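K.L.:
Order-wise, the sequence lines are chains A and B. Going by my numbering, the first residue of the first sequence is number 8, and it counts up by one from there. Going by my numbering, the first residue of the second sequence is number 74, and it counts up by one from there.
A portion of the hints provided could be inaccurate.
[Claimed, not checked] Okay, the calculated bits of chain B under chain A, using three or more residues with CB under 8 angstroms as the criterion: (1) 118 to 129; (2) 173 to 181; (3) 209 to 218; (4) 228 to 236.
No lab work stands behind these hints, which were simulated from the structure alone. Predicted model only: the values in this text are computed from it and were never measured. Glycine included, C-beta positions come from ideal geometry on N, C-alpha and C.
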Amino acid sequence: MSTPQTPYAPEDGWRRLDPRTVLVTALVVAGVVAGAAVPATLGLARWLGLPGAVLWALAAAVGIIGVAAGADRVRWHRTRYRIGAERVDLHTGLLLVKRRSLARERIRTVDLTANLLLRLLGLVTVRIGTGEHGGDSTLELDPVTRAEGERLRLLLLERATTPQPGEHRDGELATLDPRWIRYAPVSFVAPMLGGAAVGAVMQISEWVGAQGEVIAWVGDRFQETPLLWVIVTLVAAALAAGVVGALGLWIEMWWNYRLEREPGGTIRVRRGLFTSRSISVEEARLRGVDLVEPLGVRLVGAARLDAITTGLAQDNESKNADHNTVLPAVPRPLADSVAAAILREEATPTGAPLTRHPRAARGRRLRWSLAAALAPVLLLTLLGALLTPVLLWIALGCAVVFLPLAVALALDAYRNLGHALSGRYLVTRSGTLRRSTAALERAGVIGWTVKQSYFQRRAGLLTLTATTAAGGGAYSAYDTDAAEGLTFAAEAVPGLLEPFLERDVRPGP
Amino acid sequence: MPEGEGTAEIWLRPPRNTLNERVVSWWRVQWLLMTAVPVVPLAVLGALIEPARFWLLLPAVVLAAAGGGAAVLLPLWWFRTHRWEVTEDAVYVRTGFFWQEWRIAPMSRIQTVDTVRGPLEQLFRLATVTVTTASSKGAVRIEGLDHEIAAELAERLTRITRATPGDAT
């Protein structure tokens, strides 16, 4: 539709975004431009001399900032939203006018995010989601004032309060305990950040044209030291940097953390030091919790909690930013009690005693992990036999290190396998580097997939997958005993699997 | 029936219906086309390039033999294991031979029913029915149905799911 111009009268409920969006855009672009300008100026200075380069860079920067601010001014001018009785409308766009409309009854989440800049200006970004797959399920209002964001959140998530089973308190379920920070360095983030720090040093020194000097400087420090110590020291330094980074990241992500249940039946997570985030999940959409224990965190007796819900924002941005984590790594007993509180249960289903899987599953895990460990060893041995005996020694070293590790991980992976029914929930556990104990509401299971490879068939095992609209879409019990697994699935969701089962029939060949 | 089933006291029974017999030919043509992709260029090059003829024709022959053998045998196996069934309450499909898979989607959770006919399928008057649920990993596909049965099935599924209340999550 191109014409006629819709009258956006305020009395019809049409509103605009906050005009300070132009300022925000200008400042953000200025920051990016400043970051890019430093290497660009240094690069240009080789041809133009320093004053000329600075002048050019400044002119370009002002131009870019101006264009960006102008574009955002136009966007602001053309954007209107309205919260109607039935629908939420958002009209935006200059040439291609986008009119999007969500039925209010289908809105499941209203998330507020504010980075440091927005917070200083008292603004927030509001994302309204229906939780369906696909791009058109989320409306983003970027930005509105904090009061307006809070008003929208309460207005859109307000529902007739349905009485919930169980006597469970409203209000605060968990708040930040600064001692939890001790679990930050043991996560996988620390070594990753350490690697990133080394990469960043190399990259910046290359921009300045001093990469060779950095390497030479490091080389000078270690002139007299044997190679092994050089490697150990450098790795330790990178890890130390990673630990510092992990601590910083943890503080930024989890500062001011609060988990609470609001009277309307909504679970709300608030957190963030610089960028503040508020994530609200309607309880009717909650299908369970996932108790996640990465190896390092598990070794120190901690766990984190992810919510299994339908209708969390599905776009890429939020997928990366662990959007569904409702509790950071905390001591295991606390994680259990918070899980119980979230689910309104007496005791958390994730703590239920689990049915172990048959020993054949252990053999499969041992074979896989030994094969993975032996592959590089065999390759090195082969190359060593053909080329140089040094490789044979490396192969021996690899075998000594990897084989026990492989056995340990396989045994641990087997020990972690399990499944159970606990009240309204179906519980499955698996994984060793990232152990996940998922408690999925039985009513939330919307289908079964049973898989059996040729080898599983011979060992009498099968993999049972419950599909669901929430969370990862499917939760599996790997390598269960065939008969026991099917009985379990039939019992978990009455009536679904039953018509397709044959009992006590022993078909001959 | 594959071994192992006899030892279990409880088992998933095979779905009632087999696919249309023409699916065997369809799978065979697919296999042969897939085999032709590497074999034909190798054979043509082998015919043109005299010095390397042996080393081009050898893999061509090996691949052609393997692909041809698979095209003859695999579809026969598949035809025996691929089965489907639609009851009043659920869609039930079994696929695969080495990696056998049973999928069950209850009627009340079905969101969309699609019928797709690729060019080759049209040639054999076959169609694929895909049933999706609200789970990103819960889709059920029935390949190689007679196109009239497929259309009828899709229509029936759509009718049943429309009559079933709930938002399917």
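K.L.:
Of the hints stated earlier, which fail here?
P.N.:
Checked against the structure, the hints that fail are numbers 1 and 4, while the rest are satisfied.
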